[in-house]
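Student: From these two lone chains plus the hints, build me the complex, please.
Line order of the protein sequences matches chains A and B.
Per my numbering: the first sequence = residues 1014 to 1150.
Per my numbering: the second sequence = residues 4 to 144.
It should be emphasised that the hints constitute simulated quantities derived from the structure, not laboratory data.
Just so you know, these numbers come straight off a predicted model, no measurement behind them.
A hint or two may mislead.
Using 25 Å as the maximum straight-line C-alpha spacing, the simulated BS3-like pairs for lysine-lysine come out as follows [claimed, not checked]:
#1 K1116/A - K107/B
#2 K87/B - K1143/A
#3 K93/B - K1143/A
#4 K1138/A - K30/B
#5 K1026/A - K1116/A
#6 K1138/A - K142/B
#7 K1143/A - K53/B
#8 K1116/A - K30/B
#9 K7/B - K1099/A
#10 K1112/A - K30/B
#11 K1099/A - K93/B
#12 K1099/A - K53/B
#13 K1116/A - K93/B
#14 K114/B - K1143/A
#15 K142/B - K1143/A
#16 K87/B - K1138/A
#17 K30/B - K1048/A
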Amino acid sequence: MKEKEQSSPLSFKQLAVGFEFPPTSYELTDPVIAKYLEAVGEETDLLTSGIVPPLAIAACAMTALSQSFTVPPGSIHASQELEFLKIVPIGTNVSCGGKIAQKLERGSLNLVILEINVTNQAGEKVLTGKATIAAPN
Amino acid sequence: MKEKPNLSDIHQGDSLPTIVKHPTQQKINLYAEASGDYNPIHIDEAFAAKTPLGGTIAHGMLILAYASEMMTQAFGQSWFEGGKLSIRFKAPVRPQDAITTSGKVDSIEEKDGIPLVNCSLECRNQNGDVVISGGAVVKLQ
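The following block holds chain B by itself, in its conformation from the complex (with noise of 0.2 Å):
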């Protein structure tokens, strides 16, 4: 993982990493007993099929975590103490999805003498829906 990264490296419309997720049923499960959320619209297959939604969904969080993981890679600990998400969830992801992650910087500011990466970013399944899209900011300390 970077530790931080130089502002000279960074620019606007660069692209972050891309990142390409497979939620099972087994990873919603474990992440189920690793986040405390045992809501069964999540990890109960029966009781998810009797809902509108017709199975199980996986969490937001989880799905959340991977909009971050690329804010990691893209931009390492300066993620960890000075980052900013702010985003929506379009649309339920189900067991059998393929998430890709992906974002840009939209602009570089500064503000109070710090440098500010502002960046979109958005979680499409494999029909190209989106299922979560918003911003995130990072703050380069």
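Pulled out of the complex, with its shape left as it was, chain A reads as follows (with noise of 0.2 Å):
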């Protein structure tokens, strides 16, 4: 399914602000939906409709950069934002990306902020948002 270069992940201390990570494809097949699905335990007739989830677009995005670098023991995945722009049919090539927007501290905790993007094969925009990680000093 993914299609992807893994360079060595870099550490959460080496994220700096405006770092891009190296966009990752994947085809969002009919099997491969079928499974998250499965997972989730979808009940609206998603298949059929041969429409793709917009949280299964996510879910690529979000595991794309996670694998992008490495997070200290007691990390969480804090907050969540997501808009999603454009239907995407099942069988669509999708490219996730996005960068480091902002570094924070706060108290105990260091925040990063990522912006995703997804774009669909023709270079549509079809999802983006922001997903704050909470790491340990």
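Tutor: Given below as structure tokens:
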């Protein structure tokens, strides 16, 4: 499913504001989406409608980005924002990318805010979002 | 799945469809395969037992998928091309948990001539603990 040349992941501390993650491609095929729907117990008729659930796309994006860096033990995925821009038909190849938008310290936590974006094979944005990862100092 | 709802059918205070799910370890393992997220905290029970969490937990995005399913049931295709989510993950979800996802329409407004439905939502476990809370906005085009 995934096509990407994996370089060594960066440590959390090495992540710099503006760092852009190398894009990762996913082919959102019937079997992949069927497996996803079974995992989340989806009870809408998405598979027969031929539409990829937007959270399946978001999951691919988060996985793609998270494999580019390591997090210290005790880190948590603190918050998530997502915007769904276009319907994605099953069978679409999407490209998931993103960048480090912000780094903050809040008390005993280091926060990293990731911007994510997903485009279809025509280069159109289908999903954008922000994820906040909180790691202990 | 509904196509797109009529604005006349949506009112402030309306409850969204409540969804109850059981993210078993089997489902979590399947989600790892589907998403490519094989973090051992989710799938390796021996590894997870040695962490402060004491056991495996579900992927946050797996639980968030329940909220998206609720929004899909309520708003159909309008959710897929014009939906926005903004949530906080409040507590971990264990494989033995039962998660209830609920929400309501907080307000309906118009922006640039397009109706926006503002909703609040949350996911709670069987003890009533909030595991996800936040909001969603749907653009009805």
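Student: Hint by hint, say whether it matches the structure.
Tutor: Structure-based check of each hint:
| no. | hint | verdict |
| --- | --- | --- |
| 1 | K1116/A - K107/B | violated, 33 Å |
| 2 | K87/B - K1143/A | holds, 11 Å |
| 3 | K93/B - K1143/A | holds, 17 Å |
| 4 | K1138/A - K30/B | violated, 30 Å |
| 5 | K1026/A - K1116/A | holds, 10 Å |
| 6 | K1138/A - K142/B | holds, 17 Å |
| 7 | K1143/A - K53/B | violated, 31 Å |
| 8 | K1116/A - K30/B | violated, 33 Å |
| 9 | K7/B - K1099/A | holds, 14 Å |
| 10 | K1112/A - K30/B | violated, 30 Å |
| 11 | K1099/A - K93/B | violated, 29 Å |
| 12 | K1099/A - K53/B | violated, 42 Å |
| 13 | K1116/A - K93/B | holds, 21 Å |
| 14 | K114/B - K1143/A | holds, 23 Å |
| 15 | K142/B - K1143/A | holds, 19 Å |
| 16 | K87/B - K1138/A | holds, 14 Å |
| 17 | K30/B - K1048/A | holds, 10 Å |
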